[in-house]
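Colleague: One letter stands for each residue in the lines below.
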Amino acid sequence: MTLLELDDLSVTYRIASGEVPAVRGVSLTLDSGAALGVAGESGSGKSTLAMALLRLLPRDARVGGRILLDGEDVLAMKWGRMRAVRWAEASIVFQGAQHGLNPVRRIGDQIAEPLLVHGLAKPDAARRRVTELLEQVGLPDWRARSFPHELSGGQRQRVMIAMALACSPRLIIADEPTTALDVMVQAQVLTLIKDLVAEHDISLIMISHDLSVLADVCDQLAVMYAGRVVEHGPSREVFHDAKHPYSKALAAAFPTVGDPASRLAPQGLGGDPPDPMELPTGCSFHPRCPVALDGCATMDVELWPAGPGRNAACVHVQEAS
Amino acid sequence: MTETQAATEAVSTVRPTLLEARDLHVEFASRGRRARAVDGVNLAVGEGEIVALVGESGCGKTTLARTLLGLERPTSGEVRYGGAALDYSSKALKAYRRQVQLVLQDPTGSLNPRHTVYEALAEGPRIHGLPDEREVVATALSRAGLRPPDRFFLRYPHELSGGQRQRVVIAGALALNPKVLVADEPVASLDASVRGEILALLLKLREELGLSALVVTHDLGLAWNIADRVAVMYLGRIVESGPVEQVLTAPRHPYTQALMSVLPESPERVVLTGEPPDPTRIPGGCRFHARCQVLASGRAAEAGVDGKCRSELLDILPAVPETQAACHYAAR
Chain A
1 MTLLELDDLS VTYRIASGEV PAVRGVSLTL DSGAALGVAG ESGSGKSTLA
51 MALLRLLPRD ARVGGRILLD GEDVLAMKWG RMRAVRWAEA SIVFQGAQHG
101 LNPVRRIGDQ IAEPLLVHGL AKPDAARRRV TELLEQVGLP DWRARSFPHE
151 LSGGQRQRVM IAMALACSPR LIIADEPTTA LDVMVQAQVL TLIKDLVAEH
201 DISLIMISHD LSVLADVCDQ LAVMYAGRVV EHGPSREVFH DAKHPYSKAL
251 AAAFPTVGDP ASRLAPQGLG GDPPDPMELP TGCSFHPRCP VALDGCATMD
301 VELWPAGPGR NAACVHVQEA S
Chain B
1 MTETQAATEA VSTVRPTLLE ARDLHVEFAS RGRRARAVDG VNLAVGEGEI
51 VALVGESGCG KTTLARTLLG LERPTSGEVR YGGAALDYSS KALKAYRRQV
101 QLVLQDPTGS LNPRHTVYEA LAEGPRIHGL PDEREVVATA LSRAGLRPPD
151 RFFLRYPHEL SGGQRQRVVI AGALALNPKV LVADEPVASL DASVRGEILA
201 LLLKLREELG LSALVVTHDL GLAWNIADRV AVMYLGRIVE SGPVEQVLTA
251 PRHPYTQALM SVLPESPERV VLTGEPPDPT RIPGGCRFHA RCQVLASGRA
301 AEAGVDGKCR SELLDILPAV PETQAACHYA AR
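Chains A and B supply the protein sequences, listed in that same order. Per full-length UniProt numbering, the first sequence starts with residue 1, numbered consecutively. Per full-length UniProt numbering, the second sequence starts with residue 1, numbered consecutively.
If you're looking for bench data, these hints aren't it; they were derived computationally from the structure. Don't take every hint at face value.
[Stated by the list, open to error] Using C-beta positions, here's what the derived DEER-type ranges look like:
id: 1; chain 1: A; residue 1: 125; chain 2: B; residue 2: 31; range: 36 to 42 Å
id: 2; chain 1: B; residue 1: 204; chain 2: A; residue 2: 287; range: 20 to 26 Å
id: 3; chain 1: A; residue 1: 261; chain 2: B; residue 2: 318; range: 31 to 37 Å
id: 4; chain 1: B; residue 1: 106; chain 2: A; residue 2: 84; range: 38 to 44 Å
id: 5; chain 1: B; residue 1: 266; chain 2: A; residue 2: 113; range: 33 to 39 Å
id: 6; chain 1: B; residue 1: 22; chain 2: A; residue 2: 18; range: 16 to 22 Å
id: 7; chain 1: A; residue 1: 277; chain 2: B; residue 2: 155; range: 15 to 21 Å
id: 8; chain 1: A; residue 1: 200; chain 2: B; residue 2: 318; range: 32 to 38 Å
id: 9; chain 1: B; residue 1: 296; chain 2: A; residue 2: 259; range: 28 to 34 Å
[Claimed, not checked] If we take Cβ atoms under 7 Å as the criterion, some of the chain B residues that face chain A in the derived model are:
id: 10; residue: 191
id: 11; residue: 197
id: 12; residue: 248
id: 13; residue: 249
id: 14; residue: 271
For glycine and all other residues, C-beta sits at the position ideal for the given N, C-alpha and C.
Using the sequences plus the hints, can you model the full thing?
Modeller: Written out as structure tokens, the structure is:
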């Protein structure tokens, strides 16, 4: 069953010097209980996309297209309904766990806040729920009385996840949830997210620039470049056998240790991500593309079929099919 | 002379040691206690060699790097460069810093936003009174892959992309013609597609200029990409070191094994519980024993070394190029 559907979503920021198209026509669907990874580098529009889902964008952003959450149009919701949907139906985990928590309030009170604000529990029941949530994210219940500074980075990220789970949402959006964490702590947090999603039948959208992490956690992967999805498909297939040259480069950026091909041979991509105000003509990836053809500078690309359940926006894919 | 000593020397004649930590200890006062951030480290970087120093935050790897640069004074032990102990007089340190240069993680934070690329790069040569400043700056920029260099002279950091900024930082280090780069997480703040380019640049500099590098990182993929040798640090000590191919394909220390196992794609995960312990409270016996999966699973007991793990201190690993691990179980 489809839980979330994005139909031709676009986000444009209006700034003094003009308009910045950050997301340019993205269509994706997410089934309930499924996990979707959105990959891309800074400026690709992946975080803007995440914020748009819960209408958390600043006022100067203009959103077009449709976002259907459980059949309901998010962009058409009244303000009160929107507030009810946040936390209760969909919640978000940001990357900077240290900035997401109030430094002068106890952890337990902060986890209970969405429950009380949404009227989902009375104070007593909320306290019990906090204990339950702390246990789910692997923290002892006496941590409810701690302040954020008494916790390590990994523990704070667990608290953020507990908050996101508090109102039993059906969708969690995790924006680079492990970026600032160490490898071992990252593994702990990823395992936690995977288990919670599986046990509670929650849908997940995870955003990262690390394809290997996304392939590990998510079923489906969408790779974004310059505000568009350039490749979409089952995550393992996209990671191991990318069809779009940009996805290939992203996958190769994090080498598999032990793979002789990457030993003393770091793989990079020349050039820099494009300025969204001066997007290249034709395929926006063509100036950096190692396999660009003459026509790529002028020809419009779209997501073409690239095997069962897969799409890629590359002229080479279109030729092959 | 025993055979192993002869073998060690044979390797060391191929790559003479340039920069070395010898029985290095660095302690700090921390909330009324002593934090043993670096607690006995032997580490050598040879000429033209790239060594990766790997570990979690709080393991002491950054303190070790800062001490090697002369930015921190060791509590005991010594830093040696070119065969002599480091002299901490300000004149000698100034000369030393021409030889050994630092590249930091965040290029945005390491560049003054109000200085042009030219000014940022000319600062070092001016301090050291090098002639032909313009020439020095231009050469450094083109070596760092910013060509043609004069196109970048008058640019400000905010006009550059993240990858270009990190190249400017590397060019700044190259301007003084150093022999060693100490790079602390050189690509951690860069985008995935740019990362490979900067790592390829470090390899190219080694090839063209014979530059040595100590790369401090928590990223084992990075070590696999560019390093000749890897040293794994845990709670102030090197727990395993050796050639990258050997250490990263057949790790012997349980800590290295755990780090490898949490890489995506790894078949079986060993997720250590807890976070790296506190350098103010280093456990007795093997410092890793409280988190060790080999001890916890009973394999150490089967091998009859569990008593040793809990109570017997391990020797500090010497600075040799061969694979070695500080572990009672691996040594059984």
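Colleague: With reference to the structure, classify each hint as holding or not holding.
Modeller: Now the hints, each set against the structure:
{"no.": "1", "hint": "A:125 <-> B:31: 36 to 42 Å", "result": "holds (39 Å)"}
{"no.": "2", "hint": "B:204 <-> A:287: 20 to 26 Å", "result": "holds (23 Å)"}
{"no.": "3", "hint": "A:261 <-> B:318: 31 to 37 Å", "result": "holds (33 Å)"}
{"no.": "4", "hint": "B:106 <-> A:84: 38 to 44 Å", "result": "holds (40 Å)"}
{"no.": "5", "hint": "B:266 <-> A:113: 33 to 39 Å", "result": "holds (38 Å)"}
{"no.": "6", "hint": "B:22 <-> A:18: 16 to 22 Å", "result": "violated (60 Å)"}
{"no.": "7", "hint": "A:277 <-> B:155: 15 to 21 Å", "result": "holds (18 Å)"}
{"no.": "8", "hint": "A:200 <-> B:318: 32 to 38 Å", "result": "violated (52 Å)"}
{"no.": "9", "hint": "B:296 <-> A:259: 28 to 34 Å", "result": "holds (30 Å)"}
{"no.": "10", "hint": "191", "result": "holds (4 Å)"}
{"no.": "11", "hint": "197", "result": "holds (3 Å)"}
{"no.": "12", "hint": "248", "result": "holds (5 Å)"}
{"no.": "13", "hint": "249", "result": "holds (5 Å)"}
{"no.": "14", "hint": "271", "result": "holds (5 Å)"}
This entry does not satisfy hints 6 and 8, going by the numbered hints stated previously.
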